[in-house]
Amino acid sequence: MSDDPRTGLQHWLDRGINLGMLWGGSLLAGSGLVMEYRLGPDQPRGLTVWGLGWQGWALLHLCLGLTMLALLSLHLWRHRRWWWAVLCDRRRWALLAVAVVALALLLGPLVSSRSG
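In short: position in the sequence shown from 1, add 107, done, that's my numbering.
Mixed in with the good hints there might be a few duds.
To be verified - Derived Cβ-Cβ restraints for the label pairs, each shown as a range:
#1 L203 with Q150: 44 to 52 Å
#2 L214 with G123: 27 to 35 Å
#3 P151 with G115: 23 to 31 Å
Since the hints were derived computationally from the structure, they do not count as laboratory data.
The beta-carbon is built from N, C-alpha and C at its ideal position, and this holds for glycine as well.
Whenever a hint applies, use it, and build me the whole structure from the sequences.
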């Protein structure tokens, strides 16, 4: 028997979330590559890949990105006890690091959009 305290359903839920993140990340990367290299600004107008033009691929890319964000949030929420244990172990530095990373993620797009 395994020493894993999780029940069978929780185990399979975690596996499903992880598999969804793997597939979603792969599809997200693939749709981004299609938009960049097959439907980019250097390509002829009206070009399609598998029946989708640039806007169709952009919508798919957006939906995949939002799905990945939801799955990642669910994954982090399901493992919050582990995160809290790690943060409490080195509380001051860990909380400072989390605050700095969160601030960088929030302000990063604003700074890069103004400079470009």
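Now the hints, each set against the structure:
no., hint, result
1, L203 with Q150: 44 to 52 Å, "holds (46 Å)"
2, L214 with G123: 27 to 35 Å, "holds (34 Å)"
3, P151 with G115: 23 to 31 Å, "violated (53 Å)"
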